[in-house]
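Asks: Chains as they are written, first to last, in our numbering: chain A, -3 to 156; chain B, -10 to 145.
These aren't lab readings, by the way, just hints derived from the structure by calculation.
For clarity, every value in this text was computed on a predicted model and none was experimentally measured.
Take the hints with a grain of salt, since some may be wrong.
[Claimed, not checked] Straight-line distance between alpha carbons at most 20 Å, and here's what the computed EDC-like set of lysine to aspartate or glutamate pairs gives:
#	chain 1	residue 1	chain 2	residue 2
1	A	Lys80	A	Glu153
2	A	Lys27	B	Asp15
3	A	Lys133	A	Glu72
4	A	Lys37	A	Glu53
5	A	Lys90	A	Glu42
6	A	Lys80	A	Glu42
7	A	Lys80	A	Asp50
8	A	Lys56	A	Glu142
9	A	Lys37	B	Asp15
10	A	Lys27	B	Asp18
11	A	Lys80	A	Asp60
12	A	Lys132	A	Glu120
13	A	Lys27	B	Glu32
14	A	Lys80	A	Asp62
15	A	Lys52	B	Glu32
[To be verified] Under 7 Å between C-beta atoms, here's a sample of chain B residues computed to sit facing chain A:
#	residue
16	Arg24
17	Glu32
18	Ala37
19	Leu39
20	Val47
21	Gln57
22	Arg59
23	Phe127
24	Ile129
25	Gln131
[Stated by the list, open to error] Label pairs and their in silico Cβ distance ranges:
#	chain 1	residue 1	chain 2	residue 2	range
26	A	Pro150	B	Arg124	54 to 60 Å
27	A	Arg146	B	Ile(-4)	40 to 46 Å
28	A	Leu106	B	Ile(-4)	56 to 62 Å
29	B	Ile10	A	Pro28	15 to 21 Å
Note that CB positions come from ideal geometry on N, CA and C, so glycine has one too.
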Amino acid sequence: MRAFVSMSIRAFIILAVSSGIGMGLNLASSKPLPWVYQPPKELTLEGTTVALIDEKEARKRFDDPDTLFVDTRTREEYSEGHVKRALFLPAYEKEEQFLTVEPLLTEDSLLILYCHGPECEMAEQVAGFLVQLGYKKLAIMSAGYEAWRRAGYPVEEPRG
Amino acid sequence: MRYFVLIARLIIGSLFVYASIYKIIDPADFSNAIRNYLILPLEWSNIAALTLPWIEFVAGVFLILGVQTRPAALLTTGMLAVFLYAIVYAYATGLDIDCGCFGSAADAEGRVGILHILRDSGFFLVSLVIVLFDRGHFSIEQAVPSLRQREVSPGA
């Protein structure tokens, strides 16, 4: 037991010193990373500002009839579960699928796009596509479907 | 057994040094990879990306040289357990993400999958062997006795 405690203490010292090296070098860097990551609040696509919102903000807008959720993931992912009432407009076949979705979109609609996680690019690709078509009221739920589902917010999933 | 432990040390040490290099060079990219796993709060991803690669690097070098071998192996074993948990979690929840294990060049590595789980399980066991069976053979501390700390014998 004493051997394990001794080994653990020495492991902790190695961990603390190594972490200190990493943080010290970050301080000395010409482009230091901020210690606390702050997600960007918006991005600009061809002159249009697209808000980047978290799942809580998206949930607040869920019951607004002028808000539509747009799932940009693959057909397989969408069929396994999606935000309740979300439209399906996947990044990889957006042109074809848009013909189906277009009648459901109005000028007043706020479109909240999402894919599976914070860093996936599919929602941004579809946002760029929609901006090119003239849609201006767009937001991206950056945390993605996984965060929405984990928060216990309304989803549609196949039974069983 | 001593040769087996030596080989284990060299494998795990080299692996950790290699894995740490890209993360040290590009912590912002590694921070992205951490966020993709959705395990840590997003706010913590930068601090993890700044510290974890250096722990990997130092532990890896210590294993190769035989400096504080068992504490270093305890760290690599703990880190491999965390990585394994993250990969199993990502796989089980169907996250379609890059492993981020060795670089954003992870494109070469592909998405997390069963092979990553098997690979990390193997590394975890090899690292655990060092913790359990290393007796200080083939180490700098053995070659230079003045570097050796007073060791408490295993099992004491």
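Asks: Next, verify each hint and record whether it holds.
Replies: These are the hints, each one checked on the structure:
The suggested pairing of Lys80(A) with Glu153(A) holds, with an alpha-carbon distance near 9 Å, which does not exceed 20 Å. Among the hinted pairs, Lys27(A) with Asp15(B) is consistent with the structure: their alpha-carbon atoms are about 11 Å apart, no more than 20 Å. At most 20 Å may separate the alpha-carbon atoms for a hinted pair to count; Lys133(A) and Glu72(A) exceed this at roughly 27 Å. Proximity of Lys37(A) to Glu53(A) is assessed by CA-CA distance (about 12 Å); at most 20 Å being required, the pair is judged to hold.
For the hint linking Lys90(A) to Glu42(A), the alpha-carbon distance of about 18 Å falls within 20 Å, and the restraint holds. A threshold of 20 Å between alpha carbons decides the hint, and for Lys80(A) with Glu42(A) the separation of about 30 Å lies outside it, so the pair is violated. Under the criterion of a C-alpha separation no larger than 20 Å, the hint pairing Lys80(A) with Asp50(A) is consistent with the structure, at around 17 Å. With a CA separation close to 17 Å, the supplied pair Lys56(A) and Glu142(A) stays within the 20 Å bound.
As the CA atoms of Lys37(A) and Asp15(B) are separated by approximately 23 Å, the hinted pair breaks the 20 Å bound. Restraint check: the Cα-Cα separation between Lys27(A) and Asp18(B) comes to about 14 Å, which is no more than 20 Å; the hinted pair holds. At roughly 13 Å between alpha-carbon atoms, Lys80(A) and Asp60(A) fall within 20 Å of each other, so this suggested pair holds. Simply put, Lys132(A) and Glu120(A) have alpha-carbon atoms about 14 Å apart, close enough for the 20 Å limit, and the pair holds.
As the CA atoms of Lys27(A) and Glu32(B) are separated by approximately 18 Å, the hinted pair is consistent with the 20 Å bound. In summary, the hint linking Lys80(A) to Asp62(A) is supported, as the alpha carbons are separated by about 15 Å, within the 20 Å threshold. The straight-line distance between the Cα atoms of Lys52(A) and Glu32(B) is roughly 16 Å, inside the 20 Å bound, and the hint therefore holds. Hint on Arg24(B) holds. Least Cβ distance to chain A is approximately 5 Å, under the 7 Å limit.
Contact between Glu32(B) and chain A, as hinted, is supported at the beta carbon level, the nearest pair being about 5 Å apart and thus within 7 Å. Hint status for Ala37(B) relative to chain A: violated, with the closest Cβ pair at about 9 Å, above 7 Å. A distance limit of 7 Å between C-beta atoms decides the matter here; for Leu39(B) the minimum to chain A is near 5 Å, and the interface restraint holds. The interface hint given for Val47(B) holds, since its Cβ lies 4 Å from the closest Cβ of chain A, which is under the 7 Å cut-off.
For the restraint placing Gln57(B) at the interface with chain A, the shortest Cβ-Cβ distance is roughly 6 Å, inside the 7 Å limit, so the hint holds. Below 7 Å, beta-carbon pairs count as interface contacts, and Arg59(B) has one with chain A at about 5 Å; its hint therefore holds. The interface hint given for Phe127(B) is violated, since its Cβ lies 19 Å from the closest Cβ of chain A, which is over the 7 Å cut-off. Evaluation of the Ile129(B) hint against chain A yields a violated restraint, the C-beta minimum of about 15 Å exceeding 7 Å.
For Gln131(B), the interface hint is violated, since its Cβ never comes within 7 Å of a Cβ in chain A; the closest pair sits about 17 Å apart. The beta-carbon spacing between Pro150(A) and Arg124(B), approximately 59 Å, falls within the hinted interval of 54 to 60 Å. The beta-carbon spacing between Arg146(A) and Ile(-4)(B), approximately 42 Å, falls within the hinted interval of 40 to 46 Å. Taking 56 to 62 Å as the suggested C-beta distance range, the pair Leu106(A) and Ile(-4)(B) conforms, at roughly 60 Å.
In this structure the supplied range 15 to 21 Å holds for Ile10(B) paired with Pro28(A), their Cβ-Cβ distance being about 20 Å.
In terms of the numbered hints stated before, the structure departs from hints 3, 6, 9, 18, 23, 24, 25, listed from lowest to highest.
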